[in-house]
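Engineer: Please model the entire structure based on the sequences and the hints provided.
Residues per chain, in single letters:
2 protein chains.
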Amino acid sequence: MAYDGVETPHGKVDRMLGGACTYISLAASYFTRVNIVAVVGEDFEQPDLDLLSSRGIDLTGLEQVPGKTFFWAGVYSEDMNDRTTLRTDLNVFADFQPKLPESYRKQPYLLLGNIQPELQRSVRAQMNGLRLVGGDTMNYWIADHRAALLETIAEWDFLLINDGEARMLSGENNLRRAADKILGMGPSTLVIKRGEYGAILFRRDGHFMAPGYLLQDVFDPTGAGDCFAGGFIGYLAGQGVNPRDGNIPHQDLRRAVIYGSVMGSFCCENFGVDRFRTLTRAEIDARYQEFKDCTDF
Amino acid sequence: MAYDGVETPHGKVDRMLGGACTYISLAASYFTRVNIVAVVGEDFEQPDLDLLSSRGIDLTGLEQVPGKTFFWAGVYSEDMNDRTTLRTDLNVFADFQPKLPESYRKQPYLLLGNIQPELQRSVRAQMNGLRLVGGDTMNYWIADHRAALLETIAEWDFLLINDGEARMLSGENNLRRAADKILGMGPSTLVIKRGEYGAILFRRDGHFMAPGYLLQDVFDPTGAGDCFAGGFIGYLAGQGVNPRDGNIPHQDLRRAVIYGSVMGSFCCENFGVDRFRTLTRAEIDARYQEFKDCTDF
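Note that the protein sequences, when read in sequence, are chains G and C.
Those letters in the first sequence? Residues 0 to 296, per numbering that gives the first Met the number 0, in order.
Those letters in the second sequence? Residues 0 to 296, per numbering that gives the first Met the number 0, in order.
There could be a bad hint or two in this list.
Note that the list lumps identical chains together, so a pair holds whenever it fits in one copy or between two copies.
Claimed, not checked - Result set (DSBU-like, lysine-lysine): computed pairs, CA atoms no more than 35 angstroms apart in a straight line:
| hint | residue 1 | residue 2 |
| --- | --- | --- |
| 1 | Lys-98 | Lys-291 |
| 2 | Lys-11 | Lys-180 |
| 3 | Lys-291 | Lys-180 |
| 4 | Lys-105 | Lys-67 |
| 5 | Lys-180 | Lys-98 |
| 6 | Lys-105 | Lys-11 |
| 7 | Lys-67 | Lys-11 |
| 8 | Lys-180 | Lys-67 |
| 9 | Lys-67 | Lys-98 |
| 10 | Lys-105 | Lys-180 |
Calculated directly from the structure, the hints in this document are not laboratory data.
Structural biologist: Structure (structure tokens):
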């Protein structure tokens, strides 16, 4: 969980609620009950806790410790396809050792946000009775912590990454070849996110392509990938999927990709988490139907 | 019709059959009978004419005149998303004034390849009894011949362009806004091609998104956009669509976009037109089914 400073062509906010855990949990909360594990500093504000609580998110695993909350600041390019990081202050995140509350350990679904692979692995090791586990990573871990990352994802059912990360992880430029290699690393399901161009779900026996939602205005793309992850795992958890031998029903996985895309698209419609202050499940289902209508032939 | 010199990361060919008319007519020939209007020079070779004839393409409107055939040479970037033109020799194309044979003038469907807008307009003016007309253009005509281009497309039912051209023509960066503006210029149907990311069909009452086919290897993307156009108009002509007040049935338009995507994808599988030497309608229909399977949810 973090505070972010963000500048896009539509405006600038110096400090607002952010962080992968925030976006993932808000997005997932529309589909299932969510328990979070994260760390914040003494500066973390009550209204931000209240927003999460208002969505029914269980904060038992949220540690508040002396020091300041993780802070990130960045500025987006005119077309918002690129961003430059201006500042990253790890603060209390530097010494974070996630410990799961007893009440979390028997949960069946686990989504590991982008963090050191060793920590992702330690969280997974604290769970008993997982039905489905997966997560996200980023270029830094792929390039500089490759061995640890490979050990970590070997234990996952699914991996969610963007196209650049898939190319980097596999060493293949062609996405189909990249996916083949990554599916040999452990996860039986790979979702490659392509930003405004949508997402592709890869399994050994085929793939599924979801278009990117055509937004009229993109205010702030920060958190869109995490909201995709939240919608994806949230939908699967809400359905109560129970994979046997790693086989999640195909139709559920495809729908999870669409719900992920829906949540990512809403995220871009306002700065930071603001869209989630008013978003309703009815709006989500209406947009899901829009995806159906604009892809049917 | 042209000869092309092409270099991609997969190889180099100094001189091979090319040109918009060639690609469009080959692709369309799998769906309907095709009549072409074009010009070539004395150097045009019999085996190239034979390839077109073997696909049942009517060459009555193909002029052969003194001089050399149009020649283009280019080299593609490593990821094949960019290309640099090395040479453009207009040759016999410089003085081309297309004249339609009498036997063509009552045809119901017309696809105008990328050429001077005034010539596209003169071809349209020679037709009697058109049911459906549309075509392609490029950045050069949009930037430097805007008035003539706007007069020309005002008479079209559909326009097929890529995303960069749509942004240039509309002055809008967002594709949804760009499409709104272009649909105010005359065509009731707009297809925006996005290369490997697929295509979007826009109409006043909604849009349809087709993914790009995930090729394992892209050998040579030359002609893929023209093959898209050929598959699109070829399918609509083969169906015998008969729009009233500009209303082409939605399902036919959507399927035409998929067949366009299918033909564009096959084009990339080999150098120049080589894929069309062996391609069968059964392979086309199998790939159409693949599009259905990988987008259904």
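Engineer: May I ask which of the numbered hints given earlier this structure violates, with the numbers listed in increasing order?
Structural biologist: Checked against the structure, the hints that fail are numbers 1, 6, 8, while the rest are satisfied.
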